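Engineer: This is what each chain is made of:
There are 2 protein chains.
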Amino acid sequence: MTFSLHPRIAADTVSVGRFPSVAVLLHRDARYPWVILVPEVEGIREIHDLSHELRHALLDHSCGVAEAMQRHFGADKMNVAALGNMVPQLHLHHVARFEGDAAWPGAIWGAHPPLDYASGELEARRGELRGAFAPLPGFG
Amino acid sequence: MTFSLHPRIAADTVSVGRFPSVAVLLHRDARYPWVILVPEVEGIREIHDLSHELRHALLDHSCGVAEAMQRHFGADKMNVAALGNMVPQLHLHHVARFEGDAAWPGAIWGAHPPLDYASGELEARRGELRGAFAPLPGFG
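Protein chains in written order, with numbering that gives the first Met the number 0: chain E, 0 to 139; chain R, 0 to 139.
By construction, these hints were calculated from the structure, which means they are not laboratory data.
The structure displayed is predicted, hence computed values, not measured ones.
Label-pair ranges, simulated between beta-carbon atoms:
| # | chain 1 | residue 1 | chain 2 | residue 2 | range |
| --- | --- | --- | --- | --- | --- |
| 1 | R | HIS51 | E | ARG129 | 21 to 27 Å |
| 2 | E | LEU4 | R | GLY109 | 25 to 31 Å |
| 3 | R | GLU120 | E | ARG129 | 47 to 53 Å |
| 4 | R | HIS71 | E | HIS55 | 23 to 29 Å |
| 5 | R | SER118 | E | SER118 | 57 to 63 Å |
| 6 | R | GLU127 | E | ARG70 | 40 to 46 Å |
| 7 | R | ALA9 | E | SER118 | 47 to 53 Å |
| 8 | R | ALA29 | E | SER3 | 37 to 43 Å |
| 9 | R | PRO19 | E | LEU4 | 34 to 40 Å |
| 10 | R | HIS51 | E | GLU98 | 27 to 33 Å |
Computed list of chain E residues with no C-beta within reach of chain R, every gap over 10 Å:
| # | residue |
| --- | --- |
| 11 | THR1 |
| 12 | ALA10 |
| 13 | SER14 |
| 14 | ARG27 |
| 15 | ALA29 |
| 16 | VAL40 |
| 17 | GLU41 |
| 18 | PHE72 |
| 19 | HIS111 |
| 20 | PRO113 |
| 21 | ASP115 |
| 22 | GLU122 |
| 23 | PRO134 |
| 24 | PRO136 |
| 25 | PHE138 |
| 26 | GLY139 |
Positions of the beta carbon are idealized from the N, C-alpha and C atoms, including for glycine.
Construct all of the structure, not just a fragment, from the sequences and the given hints.
Structural biologist: Structure follows, in structure tokens:
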């Protein structure tokens, strides 16, 4: 089956790049540095539905992304989560959290409506992230 | 360093068993079947702080636990998350979600105060889970 990004994910994000078989997306919510990884396999809802090989590759990419985000933004904590109650396509959230951010210390989901990036700032953040992820194996 | 479970996690859970180097815990909140995996390594906050070997072992155990929970409870969705904004010790949530459950389709964290299991039901669920996890490699 051909893979296509779920329309809700496509609407909520912009592309930052990709690893082999994994899309790297930036959420448009400016409240938090928020990156989403989506394995490009059609019809997958759960991490355990992935092949052994791809789930381990996803973990390696996830750890690389989380570590790079934490270092780049000086985050106090990374939140990494596969929820998917609303959007059935498997997607893995990576959110850089800071003491005193809008939802701290709670979870971000449902805490606040998304906040748009100011003009030019979404593109700037996208560029920052491309730089932060550039050393990661397979990122392009 | 000797590992000890964070007191908040110890207070909120009961032991279901363990994998090598990973504790398997049942959350005392009866609203959701909710299992927490804790790598028994002192001073770790993030998945990416684990060694390559242990993070991959954690993923294998996580997938086994999530798949067994989904099958056993007939869950509509598994939520798998490493948050840790309040409790610094790395712990990985596995929550079986059902359309129409107390927080559906939102995230469970912060949605409701915990609900105690009725007398005997916590022990019953613990036994159920031990049975569901018994076939998983390394579980005991």
